[in-house]
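*Asks:* Work out the full structure: start from the sequences and follow the hints.
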Amino acid sequence: MSKLGQLGAKLHRGDVSYDFIGHRKLWFGVSLALVALSLIGLFARGLALGIEFKGGVEYQAKVKVTDSTVDDFTRVVKATNAKDLGDPVVTTIGPGSVRVQTKPLNQDDIAKVRAAVAKEAGVPLEQVTSQQIGASWGQQIANKAILALIVFLVLVFAVIWLYFREAKASMAAIIALIHDVTITVGVYAIIGFDVTPATVIGVLTILGYSLYDTVVVFDKVRENTRGITASNRYTYSDATNLAVNQTVVRSINTTITALLPVGAILVVGTVVLGTGPLKDLSLALFVGIAVGAYSSIFIAPALLAVFKEREPGMQALNRRVKAKRAQAAGVSAPVAVAAAGAAPVRNAVPDTPRKQDRPTGTAPAPAARPMKATAAGRPQPSRKPRSKRGK
Amino acid sequence: MATTTTSRPARLLIALAVIVVLLFGIMALTKTWTPKLGLDLRGGTTITLTAQTLDGTGTVAADQLNEAKNIIQQRVDGAGVGESDITTSGGNHINVAVPGATKDSLVEQVGQTALLYFRVVYDAQAVAPAATPTPVPSGTPTPGTTPKPSATPKPSATVKPSSTPKGRAWSSALGNATTPKPTTAPKASTTPKPSTPATSTAPPATSTADALKYTPDAATQAKFATFKCGDKQTDYPGQALFSCDREQQNKYLLGPAILNGTDLSDATAGIPQGGFQWQVNLKFSGEGGKKFLDATTNISARGEGANLFAIVLDGETISTPSVSQPIPGGQAQITGTFTEAEARDLANVLKYGALPIKFDVSSVETVSAQLGGDQLSAGIWAGLAGLALVVIFCFLYYRGLGIVVVMSLAVAGVLTGASVILLGKAIGFTLSLAGIAGLIVAVGITADSFIIYFERLRDEVREGRSLRSSVETGWARAKHTIIAADSISLLAAAVLYILAIGSVKGFAFTLGLTTLIDLVVVFMFTKPLVTLLARTEFFGHGHKLSGLDPEHLGVERLPGQTKPTVRPRKTPSTRKPVGGEI
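Residue numbers (the working numbering), protein chains in the order written: chain A, 1 to 391; chain B, 1001 to 1582.
I should point out that these hints are in silico values taken from the structure, not numbers from a laboratory.
For each residue, glycine too, the CB sits at the ideal point set by N, CA and C.
Incorrect hints may appear among the rest.
Pairs of lysine-lysine, DSS-like flavour, derived with a Cα cap of 27 Å [as the list claims (entries may be wrong)]:
#1 A/Lys10 <-> B/Lys1479
#2 B/Lys1103 <-> A/Lys62
#3 A/Lys103 <-> B/Lys1228
#4 A/Lys54 <-> B/Lys1103
#5 B/Lys1036 <-> A/Lys112
#6 A/Lys83 <-> A/Lys54
Chain A residues, not near chain B, derived (Cβ > 12 Å throughout) [stated by the list, open to error]:
#7 His23
#8 Leu47
#9 Val76
#10 Ala135
#11 Leu149
#12 Thr229
#13 Ala258
#14 Leu260
Coverage of chain B stretches by chain A, computed from C-beta distances (three or more under 8 Å per stretch; other residues unrestricted) [to be verified]:
#15 1269-1276
#16 1367-1379
#17 1382-1393
#18 1438-1451
#19 1477-1489
*Replies:* Written out as structure tokens, the structure is:
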């Protein structure tokens, strides 16, 4: 674990880094492919809507499941001759439970089928669990959920805008959010998990969660880019990339601690209860949180950088940084190329007090090659190779 | 905040302890030690009704929904179900929660549409089991007593006009109220004066005038004679109706509807100024007032004994006041020997009947006590497992700081538990399975804020600060991040809670609650605790197991702890970058 701690330190200093922003085209591509796949899955296969969305009656009873359980229950339920019964769907849940689903029935028939199920299962009437859903209920839940989603998006846009004073941050966060939700829903469509109201809860909760990590990363970006245009050392993308690298351990840790309890619910819900709201909810959360972590690292900051780089101020900064680096590279080009693949920028905000703490070497002349930390543990300047520099 | 926490961590810890003690004090005082569990955890039936306007368009107003809720409460109570919990939600839903096993018929009773009609009474018979088979105690009705079996508690009543169209309506009723002379019918069951059996199978009466022309034919009367309370009946406004009163002691042969609920605009119960008898004041809509005038003109002319009309809700006769004079002006009072409860009940019925809403049974969920218990224990196990995993992870990664995580989670757990229990008592918050899931998920959110702080703290140390100053500077920065991130979570929870329906609500509530508690714990417990711990030898000097040791942080040594031998550095904050830009 201390290895991880050291990795965290190296990431923080910029000794080790991954160029998240530089590779954005790759990750945008991955995400676009995933979103496209999700949409295809959604429209081609559709969602496996649970009874809650279609309307109908569902019974569940404890019974010792045998090979003939499904047939037995189908037979007795059909024998009730309930009106509009359709084909009852009988499934077994684990080794000790059976579930019967029918089309919507009238109240008298609901009681009849319940009695039949209880008799076949050999349990008292009141031990048959049932759920009766009106045909429009699922639609109402869905409508409310969509309304909640839209209201939430609008509010989140406003809140992030207010907090970061940056509409582009809102844009990036919300695109990432829509990305997360789309992929989660896509996973449901493609794998064919049952969608129940609990799933809807899960998907809606992803909203808050996905943004949690994104806000953490953006907060660091803001810190690193404060007053960035006053200097000509780093572009917005450089500073953003540093921020992502500095927060990546944090993002991974928060994701792990979020996934652990959700995973516990998923396992317990599946193993102990077989099916039900616990499983549905935690499954959606599990997928959503994982996707959310991915997007808060690979997608949201890159989007923010792309949006910001379009600003005239940032483009001017880019030109200055480029010119400066070209000048510097003119002096030490041969060596710098040799050092390709080393460290990126490490100090994006030279004029915040905290960053000033770190002495960045004594020689005014650019270092010939990126330096490793000295024995004193003092971080030393390093520079991007030409291949990684510029836009 | 930062300055207080810097100087006095103990103060915050004491404040938190006071809060915890207060919460538990309230719990002890109210003797509530267990949360209110939802029916999916202890077994029972939950019915969700969706209110719609009768024509399917338009929205249902909040007070209409509340009125409907009260009536549904009465229906449920009437069904002999104890401990039911009826709430409104989402602007157009009514949730009926009935613990334990229930009959399937409850759903039907609860969900039926309120149909309120005024109908002329053509015949009335007692059906009380003990009572004589047919004719009700005949003879002269003495004022103040009903001709019905005396067992009937229902007040007989009279409708009176309001002398003044507005405001002073009560004054006219004064006289009536003081002398409760329920003119109620003698209901000579023998003849409801079927003067002409001509219009036998009456064509559906469409207007008040048509309805008033109705007279029951012989066939109808024959059927009525065999009618028993509880027989299934469909309440068509254009046709005659057999109906019973609530106690099922009298049955009535009623004509087509002369007015319906929507002709009423308001009904209130009250004691007129200067009076002492409860009465119900009616207000009709413009059209309704005209209809009522026509109806009362007609009915009052029918003479003593036949001048009755029935107020029928859901096919059940609620009251049968008599009319002795035409009532113009769109206002009237029903007077009689009402108790306050009876008057209010009648007013509620009338108000509710005036509501143009009907109900769809949206969902009925019956959970057996057995499955409820299984779900509860599964939820608890999942929660414990989740907690344990998070704690293990935090110990592995943060070593000694894991202690802080465990203690903080424990405090959060205590606060959450107390809040859930007290909110169950105070606002009837019930903990459902989805709510438990919300609590478990919240473990992650709570741990997230510790991680944000710890990582920040480590970053500060890596940047060359002493541990003790890192605790403060790291907090100053982490604080904002935690607030921002938690605000988003709260926002999500609030939006979900306000807009969503069904089980989503319970989940959103616990999620929002735990996010708030997370903020409280991080500010009032975790941060002060870390400040105090940083003063100890173990943490402050970066013991190997403290989670703050140099190796663990990936730095050579902790700044300010060991004097560097080579190239001594000044305190970092005074250093200016000397150049060295790339």
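*Asks:* Find the hints from earlier in the document that the structure breaks and name them by number, from lowest to highest.
*Replies:* Hints 3, 5, 10, 11, 13, 14, 15 contradicted; others consistent.
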